[in-house]
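Chemist: Using the sequences plus the hints, can you model the full thing?
There are 2 protein chains.
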Amino acid sequence: MSELAAYCEDLARRARAAARTLATAAETQKNQWLEKTAAALDSHADEILRANERDLAAAWSSGLSSAQIDRLQLSTDRLQTAATGLREIAALPDPVGRVLDSSVRPNGLRLRKVGVPLGVIFFIYESRPNVTLDAAGLCVKSGNAIILRGGSEALQSNRALVGIIQRGLGEVGLPTDAVQLVADSDRAAVGHLLRMNQWIDLAIPRGGEDLIRRVAEEARMPVLKHYKGNCHVYVDQSADLKMAERIVINAKCQRPGVCNAAESLLVHQTVADSFLPALAEALRQRGVELRGCEQTRRLVSDAKPATDEDYAAEYLDLIMSVRVVADLDEAIDHIARYGSQHSDAIVTNDQAAARRFTAEVDSSAVLVNTSTRFNDGYEFGLGAEIGISTDKFHARGPCGLQELTSYKYIVYGNGQVRE
Amino acid sequence: MSELAAYCEDLARRARAAARTLATAAETQKNQWLEKTAAALDSHADEILRANERDLAAAWSSGLSSAQIDRLQLSTDRLQTAATGLREIAALPDPVGRVLDSSVRPNGLRLRKVGVPLGVIFFIYESRPNVTLDAAGLCVKSGNAIILRGGSEALQSNRALVGIIQRGLGEVGLPTDAVQLVADSDRAAVGHLLRMNQWIDLAIPRGGEDLIRRVAEEARMPVLKHYKGNCHVYVDQSADLKMAERIVINAKCQRPGVCNAAESLLVHQTVADSFLPALAEALRQRGVELRGCEQTRRLVSDAKPATDEDYAAEYLDLIMSVRVVADLDEAIDHIARYGSQHSDAIVTNDQAAARRFTAEVDSSAVLVNTSTRFNDGYEFGLGAEIGISTDKFHARGPCGLQELTSYKYIVYGNGQVRE
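Top line first, the protein sequences correspond to chains A and B.
Taken in order, the first sequence gives residues 74 to 492; the numbers are from the numbering used here.
Taken in order, the second sequence gives residues 74 to 492; the numbers are from the numbering used here.
What the hints contain is simulated information worked out from the structure, not anything from laboratory work.
The hints are all genuine.
Some but not every residue of chain A turned toward chain B, in silico, with C-beta under 8 angstroms: (1) Thr97; (2) Gln327; (3) Ala409; (4) Glu433; (5) Ser444; (6) Phe453; (7) His467; (8) Ile483.
Mimicking DSSO-like on lysine-lysine, the simulated pairs with C-alpha atoms at most 27 angstroms apart in a straight line are: (9) B:Lys298 - A:Lys298; (10) A:Lys186 - B:Lys298; (11) B:Lys186 - A:Lys186; (12) A:Lys186 - B:Lys301; (13) B:Lys186 - A:Lys298.
Since the structure is predicted, the reported quantities are computational estimates derived from the model, not experimental observations.
Don't be surprised by glycine CBs; every beta carbon is placed ideally from N, CA and C.
Modeler: Structure (structure tokens):
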């Protein structure tokens, strides 16, 4: 076994041992750790920011883009936001031990179905060091050990943060191996860990589609994926067109770079004339480029022609594809063909149309008369999230504390045997 | 593309199209199909049994074991049992559309989290043709299309059954492609289908450990696994020893060839003298061979020495490994090291010991003062099951209708946009 493989195995074994202890840790102990870590982000801000400066200096000299550098940068503000995030996780109910179901069987057996941690989570992410804190907070609170693999450009920052995290774990009597950082920036480490399904229960990649696809292909354990969000707004013939305009503008422009932003607009043919020209003008003022079907282009002179690739694209940018559809069926078919099962909205005053849309569109969130941007753990009241799953297996949509757990059946009898 | 690959792709595409229709099918329609199919098993019994006879004749001449032939054999009795199974599924509540959670957010958004089908399920199983009916019944009721790949030795029987199933689907207006059989017995078909994650959402292998492992390695979609059950009974120092004896005998002997039968017995050292010799005699009378630690062998003269392999083994036979342990900790550690996280029981009158055991043993079912044999969908009141999952991801333990579903969020607003 290579030195790197041995190092990875040691990490994974330690995580597994820590997970066993953490699985039965008291809620108060986990919350104490969250509070302590939040406080330490303030009291040790200098230490963290110095480490972050070393990463930033290296990033400048290796020619990272300014967007990448912005994502890498920490500040007292960003640390305070992260501390608030940890305190919010402390305030959420413990998902471990929650009773999901209970019954008494005819033979007197008393059954409870209760939440349990998944075990060991391998989290692979890109350069935002604040994600280190979110992920560790969510995993420890849900009783899971976590192995963190951040971007190599954030290694110094992550080392400083994980140092503080581990000190806190030790101080409250939790195993320090509950949160570990892959300190070797060799890419092969990821490959080694993805094969260790005897110790690691779940891999969560967070980043671009390529990263997620590579992890999904290599992993021998389950992977919680969040692929792209190609989200639609469909404006029905009975829509309140003022409301529709507000919703489209919000879904497209409020934060175009995120997965629940809308990428595609579908408009019922009977309202296209009265809706599209005014909407296009409002979007134009906000810098949005439209790419549309022929009917769209007749109504919006500066719209470019949309290709099949446009209808399938997640632009993450101020671009929107537009299509005029004959009816609700064509809208639903279009979404089934091009969508990514993330978040899709209908604007309508027709209850039957809303019911059909919400029943037939198979996305993690289907929304009526509101913006796709609301498909989010905080907005849904689930608290912080580790990602928005585009899978249907295990967890779908926003993944918070509950989605990081499994369950077991606890059965009490008084001597029953099976006949 | 080879002819076989094209055939598999056609199956998968048809299943995907059928799944879309089936996802919104009315419960009454699905139940009608279940009743109709149950009735057809009676009215078309001759046709089915003739097909089964062709399989049996081929099985005899190819030298299958009598156990294998017994599993392959259908009879009017077995068909009646299968019909009852389908009627029981009809009586279970529809998991599609069930409301898992609901809330109204501070901004007025009304949220519902509702059950939805997974989509297309690829089910790979061995030679019992009655499983064809169970699997089809569970999948159609839960709104999923299913592609069945039974053993080649059951192909004629399965063709006859799927013929009846599809006729019924057509008669009630459901898509006949909702249940399809891989009619080509080429093993390569399985490999092709396991790569088609664009159309197939879940693979469920049901059979030996080798089959499951191969499927898990090849599949590009999630796999619902049920690996082995190395189940334990731990007899605590405060156990009612008469009850303990009844439970151990039941867990070991009532049906030794199934996954929730006990394979390993742990006994607290303070009760070993009074418990083990009498238990060994009772097990001896039932033909059970014991393999024990040194202390066991001092108390049970004919017990063979147990190796590490014995403690890890799923015998599925009248053999049991035995170990005398110093205390509850040693019992829990033993189960963590050798167990398979399936079903583990404690016999005790000490509530604190029961609480620690149920909290610390991480198995799909942890049982107090009752037999491991109860970890079963029917016994838990979940209805028919497609398997007992040893995974922690998605579903754990008995997998019935609910475990064959995912969920989505349905959100109603009145124009809310995100600030």
